[in-house]
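Student: Based on the sequences and whatever the hints tell you, model everything.
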Amino acid sequence: AQKVTQAQTEISVVEKEDVTLDCVYETRDTTYYLFWYKQPPSGELVFLIRRNSFDEQNEISGRYSWNFQKSTSSFNFTITASQVVDSAVYFCALRSGYSTLTFGKGTMLLVSP
Amino acid sequence: NAGVTQTPKFRVLKTGQSMTLLCAQDMNHEYMYWYRQDPGMGLRLIHYSVGEGTTAKGEVPDGYNVSRLKKQNFLLGLESAAPSQTSVYFCASSYQGEGTARDTQYFGPGTRLTVL
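Chains A and B, in that order, give the protein sequences. Mapping of the first sequence onto my numbering: position 30 corresponds to residue 30, and the numbering continues sequentially without gaps. Mapping of the second sequence onto my numbering: position 102 corresponds to residue 215, and the numbering continues sequentially without gaps.
Everything labelled a hint here was simulated from the structure, so no lab data went into it. Treat the hints with care, since some could be wrong.
[Unchecked claim] Derived pair list, reagent style DSBU-like, types lysine-lysine, alpha-carbon separation capped at 30 Å:
#  : chain 1 : residue 1 : chain 2 : residue 2
1  : A       : K38       : B       : K184
2  : B       : K170      : A       : K105
3  : A       : K105      : B       : K127
4  : A       : K16       : B       : K184
5  : A       : K3        : B       : K127
6  : A       : K16       : A       : K38
7  : B       : K127      : B       : K170
8  : A       : K105      : B       : K122
9  : B       : K170      : B       : K183
10 : A       : K105      : A       : K3
11 : B       : K122      : A       : K38
For clarity, every value in this text was computed on a predicted model and none was experimentally measured.
Tutor: Printed below as a string of structure tokens:
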């Protein structure tokens, strides 16, 4: 069985603050894939990043960065200098072995001006 | 390249009515999925398909049926709608070949369904 936990239900920050969204996963498989998706108020689901279990390199894309640590089964997402447009629900997801994708329950990020 | 499209965008049904949601993708993806999203529950998989003519149950399949007669289309049917099926429904597809895009699911815009 696989499981994804996003313990933060809602986070509120002021623009330009840095914010980290936590994601903890559980799986018994050695090969797995981790994902982050963004769901803005308009409702669509936007793919942000995919990381496989063999690659623990952190990734940076503009103001976004991801910290993958197998030792703590975490795949955290940091937004630097947050902006109002970052306001959205963010989902972490896991696919391992022959299982289908399992989503966490999401973290709602509110960035106020 | 439209990606994943869903029809309709909104629908209101009365209890007991039936309807079909259509999902289409133009990315030649092998796998397709139907999810429902309810407040506080994240996304839950209803059914999925690993290829034309094949379907499988997900986490919450009861009350739904699916068909994949063509690779690019995946239909979700509700035979007798119930208020508990009020939800937002998302379709997704994924590439299963080699490379870094493997297993990444791309989603449609969603269908908001209300069952009265």
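Student: Check each numbered hint against the structure and report the violated ones by number, ascending.
Tutor: 4, 5
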